[in-house]
Each structure stands twice: as C-alpha cells, then as structure tokens.
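Asker: Chains A and B are the protein sequences, given in the same order.
Letter by letter, the first sequence follows residues 1442 to 1671 in the numbering used here.
Letter by letter, the second sequence follows residues 7 to 469 in the numbering used here.
Please keep in mind that the hints were generated in silico from the structure rather than gathered at the bench.
Glycine is no exception: its CB is placed at the ideal position from the N, C-alpha and C atoms.
Heads up, some of the hints might be wrong.
[Stated by the list, open to error] A few chain B positions that, by computed beta-carbon distances, are all more than 10 Å from chain A:
no. : residue
1   : Asn69
2   : Asn228
3   : Glu338
[To be verified] Derived coverage of chain A by chain B (criterion: at least 3 residues anywhere in the stretch with Cβ under 8 Å from a Cβ of chain B; other residues may be distant):
no. : stretch
4   : 1568-1578
5   : 1584-1593
6   : 1597-1608
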Amino acid sequence: MANRTQKIIQNALSRGQSALSEYESKRVLAAYGIPISKELLVTSASQARAAAKKIGYPIVLKACSPNETHKTEKGLVVVNLSNQKELNLAWLSLGKKAGKSYKGAWLVQEMVKGSREIMIGMHRDPGFGPAVMFGLGGIFTEILQDVVFRVAPLRKRDASDMLRGIRAKKILNEIRGLPAANREILTHTLMAVGQIALDHPDIAEIDINPMIIRGAKAVAVDGLIMFSES
Amino acid sequence: MPSIMERFFNPKSVVIVGASGTVGKPGNVVIQNMLDNKYRGEIFLVNPRGGKIGKLPVITSINKLPENIDQAVVTLPADLVPETIRALSKKGVNAIILAASGFAEVDQLGEKRQKELLQVIKETGARVIGPNTTGHISVPSNFTSSFFPLGKVPRGSVSYIAQTGNFCGISIRHLISAENYGIARSCGLGNKADLDECDILEFYGQDDETKSIFMYLESISNPTRFLRVAKRVSRNKPVFLLKGGATEAGAAAALAHTGSLAADGRIVEGAIMQAGVTRLTQYSQLFHVAKALDMMPIPRGNRVSFLSPSGAFTVCMTDVCRSLGLEVPELEDKTCKRLQDFAPPFIRMRNPVDIFGSVGIHGYDVAYKDALEGVLIDRNIDSVVAILMLTTETGIPDLKFIVDLANKYSTKPIYVTFMGEHRHNMASKEFLEASGVPCYLEIERPFEVLSILAKCRQYMRRS
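From just these sequences and the hints, can you work out the full model?
Answerer: Put into structure tokens, the structure is as follows:
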C-alpha cells in the first residue's frame, strides 16, 4: 500500500508539485481503504461525455490540477449536471473560465447527495507529529471551528472518541429521517489518514472536505494532499 | 552513587554558591528555607567574602569544597554561571539548580548565554534545573532550593511540575495558608535548558511519595517523549495539565514569558487525552483538584449525591452537575426510606437530599449525620457533597461527625461547601480541612472538582 502510494507521491514531487491534484490525492486515500466518489480523469469533451455515461448522471465537472487547489473559489466546479446537454454547456463555460493557459485535466465525478457534510484532515505539527482532525464539513468547518484532534497513530478508541468529541456530535445520530452514520467507515478513515501521514513524511496536510454522508455511509467528495515546503 | 534525581530530590549534602548574609537576598532566603524546613543534610556555603552566615561557615571558593557534594544551588548572576558549573563539575557536583535569569527568556544576548550554558552542560555532563527557576521542593527530605520565602511546607501526596516559579513560591504560600493540604515535591522548570517536564514526570511516576501529579506548562519541550512518558505514568497515578497559552492571546504572553512557542491548543488537548492526562482549564484548579486528591480518594465515577437545606440549591446544583457531565442519580430504595424516616412526611426525600425538614426535627448534626451516612452507603453514588448553611442563630454544630464518616467510608470522597456567615464557614473549613475533609467556599466548586476527577478516572482507564 505504502509502495503504491509512494510512487504517486514521488512522481508528483519529481514534477515539482507542492500538492497532489484532487485525482492523485484520492488515489492515495482510496489505496488506504477510504471510500471516495466515483470519478474519471478526462482531457477532452468527448472523453467527458463517455465518462459521464459510464458513471451515470447526475455528475460533477471539476478542474483537476495540482496548481488548482482553490477550484471552488475560482468557480471551476459545476455540480449536478443531469444530462449530456448540460455537460456540454458546462464544458464550454468552465473552459472559458479556466482560460487558455490552463494546462490541467478535468474530473468527471458522480454527484454524491447527502445533507450531512463532515471533514477529516491531518496537520503535521512540528512537535506532536501528524495530528488527525475531525469536524463539521463544508463552510461550517471555518465558521464553527468545531473540531477535535488526536495524534497518530490512532487506536480505534481514539477515533471513536473523536466522533463523540465535537459539539455537533449528534449529526452522526439517526436524525430527522436520516439513518445513523456508519461509524466504522468514519473511524477507519480517521485511522487511515493518520497512517498515510506516518507512512509518508513528505505530506504536511491532508484535507478531506467535504466528506458527505450518503444515506449512512460517508464518501470523500473532495480530497487534497499537500507537501511540506522543503 | 545515587541517581541524578535522588541527588536533586533526596540530597545528603548541598552547596549554595552565592550564599549571602543579607536578609531578603536569594542567597540568604534559600538558607533560611532549608533551615525552616529542617533539612538534615550537610549545608555548604560559598561566597568569596568568607566569614559566617548564622552558625554556618562560609567557604571562599568552590575549589575548597569537599568532593562529591550531592547538589549545588547557584544564585549567582547569569554571566558567572558557566565558570561556576565548570568549577563545580571538577568537584564532582553534577546536580545543579540555576536560579539566575537573563537567559533565553529575555533577549538575544540571553539566548547567546543559554547556548553557552548548553555547551558547558554538554562538556561537563552536569544536569541542570533552570536557569530562571525559583528552585524545587522535596518535603519528604525536608529540602528546598527555593529562594522565595516559604516557611515550613506541609507534607502531602501531591507533586507539581511548573513552568513558573509560583509553585516554589507564592502559590505554595497560598496553599499553605488557604487550602490546608500538603505536597510531596514541586519543581520549577525555568527555561528547561537541560531537564524538562518529561524528566521530572518520569521521576514522579516511580516516586512512592507522589500520588498525584499536577503540571503547569507553557510549552512541551519534546511532545513525542512527553506523550510516551505521560501514558506510562497516568496508568497508575492521576496526571493533570494546565497548558498556559491555549488561546492566541495567551500564546503571545507565553512567548514573552518563557521564550516558548505554544503549540495549537486543540492539538495539545487531543494528544494529552490520548496519553491519559486530564486537562485543567483554570489556575485555581491546580489547588482545588489537588486538595481533593490529597485528602480524599478519586471518585469511582460521575454519580453525585448532595445534601442541602435549601430547595434552590437542590435545583441549581443539579443544573450545575448536568452541565458538568455529572449525574445526580436516583438513590436506592432503602436509602430513600432511611431518609424519609428522619424527615417530615410532606417532604419527599430523594437525591439531591433536601435536609431542611430533618434539620428542623432532629437538629443539624443528627439530621446531616444520618443523611450523609445513608448516601455514603448507597451503591448508586460515587461521591457526596454536603452543603452547610451556618449562621449564629442556627448554631454551629460539632462537625466531627463529618470527619468520622469520612474515615468510616474512606473509599468515597466527601466534600463540603457553604452558604451562610463567612466567619462560621471559615472556622468550619479550618476544622474540617485539618482533619482531611476538603472544603470549598464557592458552592459550585466541589462539583467542578468532581467533574474533573470523573474525567480523570475515565482517561486513566484508557491510557
């Protein structure tokens, strides 16, 4: 596992990247058994159409490049495309926004639906080492700062403590017709993120935000792995 | 040769370099402190002026000292420190307390001095507490290196590690005069140029005199080692940490104070929990929780019963308990029956125990004694708080019954708090604490302490 992911990371570092692209980041996450959204990397409109067909509408179209770590802020994401016509239009408008200089690829991704968003991350503390983070996802991460940390390696008990450690912990319960979130997936993801950091000292930050709880099961919808400056 | 920690905490002999005959100077206070605490080892004094200080002769130079004195307390200014360590090392003195300030905590020159100090430490193999420390205290050995006037420090089971001089200074005076419990050891870490919190924590961990450990830290020198050591120590002893500089503003103050950069408070919080350490959030908890543990056992869980002659308190303190994560559970049937037998029929006796009616019928001591014993026996209860409401008109009961019950049911903690006439509260507190029953003047305080201890119990099970 570490070998496979080490190759992705080494290649990126040798290309001078300061981060993995979303696609590369998610290969690493998936290699550690973290559930990720179905997605295909494309470079042309016809590839995008084929990918969308394979994944099944509705889909999301995103810019995917290691240099494009703020794609949402730049408007380089269009969600909930429900047919080929919408995809074609989105392809043109995103291409225009990205500009001629954009050298990156595009990601065609399944549209993961769920009303609960969480975040799981890792910050490599200079003293304590990899600190795994859990909190509310999306814009609430920043607004409420409702997050907890534990230092890797995490025991299962540490991971379960984290799920109970945020103020908004009830979000994982059965609530308003939604099923209780599958805690196994979440504890596994927390422990895996810690393990990725332990296995790969080049990684400074991991940011899975949002992880959307679809039904009971959490899926990493966006993922970013950043390297230490050296 | 005794281990380095033995030489620091159980020295058979000590030399004070920079001893002074001038009352109030650090080099004089430290001698007075040793005498006040009835230190029985040999005391050597060094000052180039020679002569005598009190009954003790003053030696003019380190070179004239006998070999292998266990410990040196150096109260000289910063620029004399390196040569002093070299001279002491030649005489086989390797456990050194450095009081001097003017190192990394101040400026660039100080930083340069600290680097030089590290070089000397490396070269001589000396072990150093400080610089910039008020020293340390070791009550079982009647010893202290503190240069803050302490008086006799009472013996107890609590030990402190502090990145401040307060716990070998003013805070000790506070706990002696206001909190009535004792300590085993205390160590002011100063700038941690050499020995740090891990070394002291490791020593406290295997020290039979230390039953619980309280730390005040502004920085953690080696977080990985700290977690490893803390995890091991917290399996057997309650360990608490107040981390100064947890907020951004506090972190700026920490930088000015000890030259340390504060790690993200939330990471520290998570990490220490993993290591079985209980986090404190207020300075006063360093006393309140310590007093509870010096006098009483740690509660088995979070189930509290409390006695109050006021309905408002039964309501309000139940709210306080719930918000602190404490439970106020139903009592066993037999306890309810026992309480009801003492109470007028119009009051339904339950937890929390409204003692008003029973006091009216049987008087303060009889009513409290019976109710207190009832809840102490109750298997649904882990700890008990007695709220006393004393005035001159109600009369002051003989509170010995509380002490007797505390001794009889020694596995369950009893705390006392008050609402009433201050002088009676104070007199009761003095009496009860002298007999080992912790008292808290603010009514919410014992519940806060219990909630911290319930968490501590939980974390200890996990580490």
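Asker: With reference to the structure, classify each hint as holding or not holding.
Answerer: Here is how each hint holds up against the structure:
1. Non-interface call for B:Asn69 relative to chain A: holds, since the shortest CB-CB distance, roughly 42 Å, exceeds 10 Å.
2. Listed as a non-interface residue, B:Asn228 fails to keep its Cβ farther than 10 Å from every Cβ of chain A; the least gap is roughly 8 Å.
3. No Cβ of chain A approaches the Cβ of B:Glu338 within 10 Å, the least distance being about 30 Å, so the stated non-interface status holds.
4. Figure legend: the stretch 1568-1578 of chain A, annotated as covered by chain B; annotation consistent (4 residues with Cβ-Cβ distances under 8 Å, at least 3 required).
5. Evaluation of the coverage hint for the stretch 1584-1593 of chain A: fulfilled, as 5 residues show C-beta separations to chain B shorter than 8 Å, against a requirement of three.
6. With 5 residues carrying a beta carbon less than 8 Å from a beta carbon of chain B, the stretch 1597-1608 of chain A meets the three-residue requirement, and the given coverage holds.
Hint check: a violation occurs at hint 2 only; the rest are consistent with the structure.
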